[in-house]
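Novice: In order, the protein sequences belong to chains B and W. Reminder that position 314 of the first sequence reads as 314 in the working numbering, one-by-one numbering, no gaps. Reminder that position 35 of the second sequence reads as 35 in the working numbering, one-by-one numbering, no gaps.
In silico DSS-like pairs for lysine-lysine, Cα to Cα no more than 30 Å straight-line:
id: 1; chain 1: B; residue 1: LYS34; chain 2: B; residue 2: LYS64
id: 2; chain 1: W; residue 1: LYS132; chain 2: W; residue 2: LYS173
id: 3; chain 1: W; residue 1: LYS65; chain 2: B; residue 2: LYS251
id: 4; chain 1: W; residue 1: LYS139; chain 2: W; residue 2: LYS246
id: 5; chain 1: W; residue 1: LYS214; chain 2: B; residue 2: LYS325
id: 6; chain 1: W; residue 1: LYS65; chain 2: B; residue 2: LYS34
id: 7; chain 1: W; residue 1: LYS139; chain 2: W; residue 2: LYS173
id: 8; chain 1: B; residue 1: LYS64; chain 2: B; residue 2: LYS26
By construction, these hints were calculated from the structure, which means they are not laboratory data. This structure is a prediction, so every number in the text was calculated from the model and none was measured.
Single-letter residue listing:
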Amino acid sequence: MTQSIIVQVGQCGNQIGSQFWVNALKEHANFDDKGIFTESIASFFRNVDAKNKKNLSVTTPASKIHRLRARAVLIDMEEGVLNSLIKSDVGELFTSTQLIQDVSGAGNNWATGYHFYGKQFSEKILDSIRKEAELCDCLQSFFVLHSMGGGTGSGMGTRTLSLLADHYPEIFRFVVPVYPSVDDDVITSPYNATLAMGQISEHGNCVLPVENQALAAICERLSTPKVDTIRHTVTETKEKAFNRMNSFVAKVIMDITASARFDGAINVDINEISMNLVPFPRANYLVPGVAPLQSPKMPQQRHLDAIFSDVFSPTHQLCRVDLRKGVF
Amino acid sequence: KQWYQRRVRGGMFVCNVAVLPFRSGENPVQSYNTLLCLRQLQAHSDMVILVENSTVAEEVGAAAKMVHLNRKIVEDLRVVMGNCKQIPARTALWEVVKSVAAIPAVKLCTVGGCSGIRNVSEAVEKTVRSVKKRTGFGKCQTLAAVVATYNSTSQLLDERSEEKLRKACNFAKWNPFPIDFWSSASKLPKLSYVLNCSSVCNSIVSECDNAVLKFHAGAYLHWFEQHGVMKDEFLDAFETCNDLVKSYNYFCT
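Chain B extracted, bound-state conformation:
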């Protein structure tokens, strides 16, 4: 089986990534609760024997999980998000070599992120990625998570993408850019998004655009705010809402790679996703949709036909487009 490396850039990318790793661990725990390090879990994690400081390969029969390390590189030009991620439950998944951070931030400016920090941290980013790639038996893809509106996400994200395209041209590059909403508070977000889009179109094999507004609409439909003092209700609902929004994006990545990670009657490998869905090099923007979307308090059994219909409906798409007006 093949491995994938997640590259999380900027605040948005790292927050989505944080939710991704939580969900990935839960998914694998549900699949195999015996604690065996299987090929499916090896696609996103390494198994490290901390005592002997060795990486344990999947080829060792029935090897138990010692300590998991995520196959990831985390990049942010501000300390806050990465520090809170390291202190969180999934912090143990990352080592210091996987973190690339600075203190000042990119100031919501694509040019600062791409040219200033991009040049400054190019070598370090490549070094970090090289180390992760060397620990893979068969590296197949990179998943780059970042926002389009901010400075680090759009600038450093696209800089990292161009470095991956230059140094690892044969490894598939999946990009999950989060587009800003219409009422975004970052005034330069349209500039950042437009400048980043050119880079993504050129260097990304497969782009899965996500819109904040679409995620917010889904959350609003599914959430039921608690009745409490006004201030407490808003804070709790907002935090949970952001986590849920991020978990939808994380779910997309996990679902599209599930067929490659777990055995089944028919398996679709990750490279087949690009091959089948990108007929022309520049037509690499896909529309992600997720079904079923259920409120955790009101889970419903959905028939397979209903799930199929749901996934094509606008209410289940992570990017607000009307599929009926386009050509497949």
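Starting from the known structure of chain B, arrange chain W on it as the hints suggest.
Specialist: Same frame as chain B, but now just chain W:
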């Protein structure tokens, strides 16, 4: 690799079992892959057994899983694996190639088979229906066939059953000995067959048409060009497909 084996070992021959995708479509580039693969098979293989996923799925039934389809395909391939009374196992495949794929230009074959619960006659009736379906109920002609009977006494079929099968196959008139009958022992009465029938062209032509449409639009070509497969190879593959259809039309009139 096969070309190398033939050149080095001289007398060795190669038989390919190739599975055609479902007619409803499995992936957008299947037509390209089918034609490029067929081009190589036509050049280097001695016999190509084409298995159509859709046909096998229809014969197995609506609720079939992949494992059932695979099991049916393997059972149908028994006839080429040998173990028949008339032919020693080690030469069975060669006998099938000689009988069914003697003409290099037209060597695409299909396999099939039906089992009977009660007796061989039931298996024969089912096989006749299956063969008629494969030949398009008389629209297509068969160049040659091998039919193997599996029953408890390993006896050959009676004349009446043989005649039914000959009629169902709709053989081309120029071949005086178009069909071989073999037999083998088995608890469950069953018939397996290998047909060289012009109906194989239907699936190939539909994939070719699909591929030509995409080719003219320039779709998905960049994925192939990345690995050195340029437009010339596609044009060669289309030409191979056309030559194949012409050869079948020539031999089946």
